[in-house]
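**Q** Next come the chains, spelled out residue by residue.
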Amino acid sequence: MSAHVTSPEPAPAGTADTSRPVLSVRDLRVWYGTPRGPVRAVDSVDFDVRPGETLGLVGESGCGKSTLGRGVLGLAPEGAAVDGEVNFRGTNLVSLSKKQLQELRGPELGLIFQEPMTRLNPLMRISEHFAETLKTHEPGLTKDQVRERALEALRGMGIPPSRYHNYPHEFSGGMRQRIMIALALVLRPAFVVADEPTTALDVLVEAQIIRILADLRRNFDTALVLITHNLGIVAEACDRVAVMYAGRIVEQGDAREVFARPQHPYTQELLRSTISLSTTGLHYIPGAPPDLVEPPTGCRFHPRCPKAMKVCAAVEPPDVLLNSGSTSACWHQAQNIAGAIPPEHATDGREPLALAEEISVADEA
Amino acid sequence: MPTKPDTAAASTARDGAEAGEPLIEIEDLKVHFGLGGGGLSRLTGRGAGTVKAVDGVDLTLRKGEVLGLVGESGSGKTTLGRTLLGLNRPTGGHIRYRGLDLAGLSERRMRPMRRELQMVFQDPHASLNPVMDIRTAVGHPLEIHGLAASEEERDAKVVEALERVGLHPAEQFLDKYPSDLSGGQKQRAVLARAIIADPRLLVADEPISMLDMSVRAKILQLMLDLRDDLGLTFVYVTHDLASAKYFCDRIAIMYLGRIVELGTTDEVFAEPRHPYTRALLAAIPEPDPERAVTRNLPRGEVPDAARPPAGCSFHPRCAAALSACGWEARDLRTYLERRWLTLEPDDWARERDLLGDLTGLDTPGLLEAVLRPGRGGTAEDVLALLERLREEDADGEAPEPFWRGVTALELRDGAVRLAFAEPADPRLLPVAGAGTTVACHLHDPARSAAVPPQTPASA
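Chains A and B supply the protein sequences, listed in that same order.
Using the UniProt record's numbering, you'd call the opening residue of the first sequence number 1 and step up by one each time.
Using the UniProt record's numbering, you'd call the opening residue of the second sequence number 1 and step up by one each time.
For the record, the hints were derived by calculation from the structure and aren't laboratory data.
Predicted model only: the values in this text are computed from it and were never measured.
Positions of the beta carbon are idealized from the N, C-alpha and C atoms, including for glycine.
Fair warning: there could be bad hints in the mix.
As the list claims (entries may be wrong) - Per label pair, the in silico range of CB-to-CB distance:
1. A:280 with B:20: 19 to 29 Å
2. A:138 with B:73: 33 to 43 Å
3. B:307 with A:38: 47 to 57 Å
4. B:347 with A:138: 21 to 31 Å
5. B:264 with A:87: 53 to 63 Å
6. A:38 with B:58: 51 to 61 Å
7. B:225 with A:261: 31 to 41 Å
8. B:152 with A:280: 36 to 46 Å
Chain A with its partners taken away, still in its complex shape (with noise of 0.2 Å):
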């Protein structure tokens, strides 16, 4: 599947260790049954998140990105058939049983959730919900080292120590959402997936999260994939960032170099569709993302690219390597490639393909 263009520099004599992933995923399938056949919402993925490192995972909803979260973690729902590797300090968490899973999870993984409003007990005290935590995977601590423990991950998030023992419902949502934050590191985790986690809360709050994740990166090992919509937060508070479209992963790079110079089409067509504060003309993307039972031939946005070409609708494109350091699946690099076009298509590949029918309203997302 891979055509690596050029090989990824060696890594700096000293910092191999902090250059090993903690987390490698690889050809990572998820699929759900239904009726009209299987949905295959994960469809080979890789990846690699470092020590820490943030991963951003962006794209539309219905793109698999919360499925692939989740199914890193083993959380995927239940009926969905797992398949690839998750590879986890030397283990396959995709071959894990359920209860070794459960060891694991807290920990080692953590997942913070979106709607910070629903996850918190109603009837606990936020020094019950950190007890109940720790007490559950470090039995050997003391009340003291609980508290201590605790009171220090809350300082980290701006939760004042004098507020220990109030209730959830004291708390703004920001900072109930700044509580799970504390929950869920106050474990140590080496590894994190963060699911939207602000897309509930307001913009001065959203802010907020969005510099205590850029924060923690620096502050800790930790490392971590942030699921989210919004490519602003990408910019803000990751060091790469992987698109994702249709199950797979389109481009995945340096987040500076792939906000700056997307090289996917669906990339550069998601940026350029985004409303921000510079937007001086509106601009969409026709069409809808793709059915996933039986998603397109070739490459799964030919039919919404502005850019397609006639092989695009036949193969579907391999990885290529830039020299930037990003990966992008699109033929537009792949055709220099000798030998990626196959030779059936190598005379007329390269022609725009045109398309059968405009896209119109009535397919519209």
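Use these hints to put chain B onto chain A, whose structure you have.
**A** Only chain B this time, still in chain A's reference frame:
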């Protein structure tokens, strides 16, 4: 295509906008909600209180303009939008529309008005009845207002409205149910229903926030087209400043039930005046890697709307607040708690023991705070601590505004007493040399001789 009976063509309506002819005039509008006191609050004897969702808003909507009501949750923007349509009952003030005061109308007399005043809600999935086909749903306003004599006439109008919002070919959508449509298509159907009875005003409450990035621009463009083609006036309720910047002619920034800044979109974004507007603008995450969100966010949290701060509601979070901005006893507790975040656990424990129980400070509106020493020391120790903090803060890089509001710090009867300056509510005043109005003492020449120099957003 519905035609306007009284504004001959769309272009005249746009000309009217230039002339600034008022469509709706809102005067000192108040919408207060009584908090239903349950059995428990009756037992404990604590009053349930009121939430002042909208608290004294003056605003003139001009024909053909798009006015943005922008703010965070709890700012009252949605309540204000709904009240315009009589969906919430005002507890005070006036809404003048075509010689009538909508604020005093009964539901029976309000109903015909809704033909002209329509609403689009945030969640398109919840705005359409799942068991009603699109023909019936979009044609419903015609039935309610008796605007179609026959089924054929109704169908013709529905088709026209669907085509107008881009659901083309319309016949293909007539017999569909909401579940057959995507989010963007549903919002289009909702817009078709809103315009079918030929309204003059459309209140759109976060119409694109539940839609995917790639569709938002399409719906926004559609609303702009509707404004131009039908001469509609829009009230756009949102928390998203980026889309408001693109869509609105004028913007009203709301905070805790009041408008804190009002001006043309260009002016508000080019030179935000209110510290809250500045903070909001600086906090928007942008996909541009060259622009980073400020590290300098307003401290603290959005206050509880049932117990709003005295004076300017934003003062506890404002770095530039003056003495009259509304400092009170609760702010002392917030100040101390913020300080404790920076202390080592042992130091915090010592201060906590010295200061004792602070819950007495929580009552809103106390202009005097009395601190009785706890187990860990005497009133003299408490006074010494507070005096030391005041000195330290004065020497710091960013002066702590809290102390500006403290007019007395002294020993009295074995306790430490703090007194605070009399709070003053900032009124919405025009800014000299600009079209903007701002409710902030910093911009009131009578209060602040010299406005502290502040760099906008990037600060």
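**Q** Run every hint past the structure and note whether it holds.
**A** Evaluation of the provided hints:
| no. | hint | verdict |
| --- | --- | --- |
| 1 | A:280 with B:20: 19 to 29 Å | holds, 26 Å |
| 2 | A:138 with B:73: 33 to 43 Å | holds, 37 Å |
| 3 | B:307 with A:38: 47 to 57 Å | holds, 54 Å |
| 4 | B:347 with A:138: 21 to 31 Å | holds, 27 Å |
| 5 | B:264 with A:87: 53 to 63 Å | holds, 56 Å |
| 6 | A:38 with B:58: 51 to 61 Å | holds, 59 Å |
| 7 | B:225 with A:261: 31 to 41 Å | holds, 33 Å |
| 8 | B:152 with A:280: 36 to 46 Å | holds, 45 Å |
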